[in-house]
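Asks: One-letter residues, chain by chain:
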Amino acid sequence: MSENAKHTLDPNKWIELYADYLHNYAITRVDGHELAKDLVQETFFSGIKGKDNFRGQASERTWLVSILKRKIIDHYRRLNSAKGQQEIRMSFYEEGKKKGNWIEERVPQSWGNEASKEIENDELKEALETCIKNLPEKYRMVFLLKTVQQYETDEICNELDITPSNLWVIIHRARLQLRNCMEKKWFNH
Amino acid sequence: MGMKFMINCDEATAICDKNQYGEASIMDKICLNFHLVVCKYCKAYTKQNHLMSQWFGKYLTPCDGSEKLSPEEKQKLEEKLQKELEKN
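Residue numbers (this note's numbering), protein chains in the order written: chain A, 312 to 500; chain B, 122 to 209.
Bear in mind the hints are in silico, worked out from the structure with no lab data behind them.
Hints should not be assumed to be uniformly reliable.
Said to hold, decoys possible - Covered stretches of chain A (chain B as the covering partner; in silico rule of three or more C-beta atoms under 8 Å from a C-beta of chain B):
(1) 320 to 326
(2) 380 to 389
(3) 453 to 460
(4) 474 to 488
As the list claims (entries may be wrong) - Below, simulated DSBU-like cross-link-like pairs (lysine-lysine); rule was C-alpha separation at most 35 Å, straight line:
(5) A:K495 <-> B:K150
(6) B:K150 <-> A:K324
(7) A:K324 <-> A:K409
(8) A:K436 <-> A:K382
(9) B:K164 <-> A:K444
(10) A:K360 <-> A:K380
(11) A:K495 <-> B:K161
(12) B:K195 <-> A:K444
(13) A:K382 <-> B:K161
(14) B:K197 <-> A:K360
(15) A:K382 <-> B:K164
(16) A:K380 <-> B:K164
(17) B:K208 <-> A:K444
(18) B:K150 <-> B:K189
(19) A:K360 <-> B:K204
(20) A:K382 <-> B:K208
(21) B:K208 <-> A:K380
(22) B:K164 <-> B:K150
(23) A:K496 <-> B:K179
(24) B:K189 <-> B:K161
(25) A:K362 <-> B:K179
(26) A:K324 <-> B:K179
(27) A:K362 <-> B:K197
(28) B:K164 <-> A:K409
(29) A:K410 <-> B:K150
(30) B:K150 <-> A:K317
(31) A:K382 <-> B:K204
(32) A:K362 <-> B:K150
(33) B:K189 <-> A:K360
(34) A:K382 <-> A:K410
(35) B:K195 <-> A:K317
(36) B:K161 <-> A:K360
Positions of the beta carbon are idealized from the N, C-alpha and C atoms, including for glycine.
Using the sequences and the hints, build the whole thing.
Replies: Written out as structure tokens, the structure is:
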């Protein structure tokens, strides 16, 4: 292929060439196999509908990834608007006069001798995973992207179309809930 | 000026959380440390937060990119895609 050759689209080969790649891309960014699969399907559909807009400057794969990125952002937007707002958020701090102080019954309790508890590795891992599963979807994903996948703040903001201060508020709330959950699960308070 | 250093527990723990990723500013950290002198709850939070960060690093593993769609899933996807292609 000469350098000037334009890229072309061949939807008949998309599944074979890109399904796993796109699915992998999605699964690190959204919650679960099924959701990732749905987004890949939507990406292919949008690709077919929009194939006349393909100008051949990027590779087929790059073009499909850019569509998938949009789908991921849209997914998180939907979470914000509908379901996200119904999710009950536990609050940890006072409002009003004592704004920002710990609510008395939510203050961190002593974890006692933390080190001796850590021997039970599998159980600890399981408790952590359960607590993470209990987080609202958006909190969970932002937390995992930052903490486990170790993405840069800018990158997450870009991919999910949120601001850095959004991101830190989400991380803060996620970690507050996780700490509280681990306290109950692991330290039996 | 003096008041600038005074932060509440919500702000202090938010800084503590940010600090787990090494992204709290120097000013943030000064405010946090001031707060920790007078607040035993946030002090406990900070200690526990460090411990949790260690656990996260130790027990949570990133996706390794080995997740695959099954042949059946791909087959179904292929069929749907073909239908869509016929429409367009």
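Asks: Where does the structure disagree with the numbered hints, that is, which hint numbers, in rising order?
Replies: Hint check: 2, 6, 7, 13, 15, 16, 17, 18, 24, 25, 26, 30, 32, 34, 36 fail, others pass.
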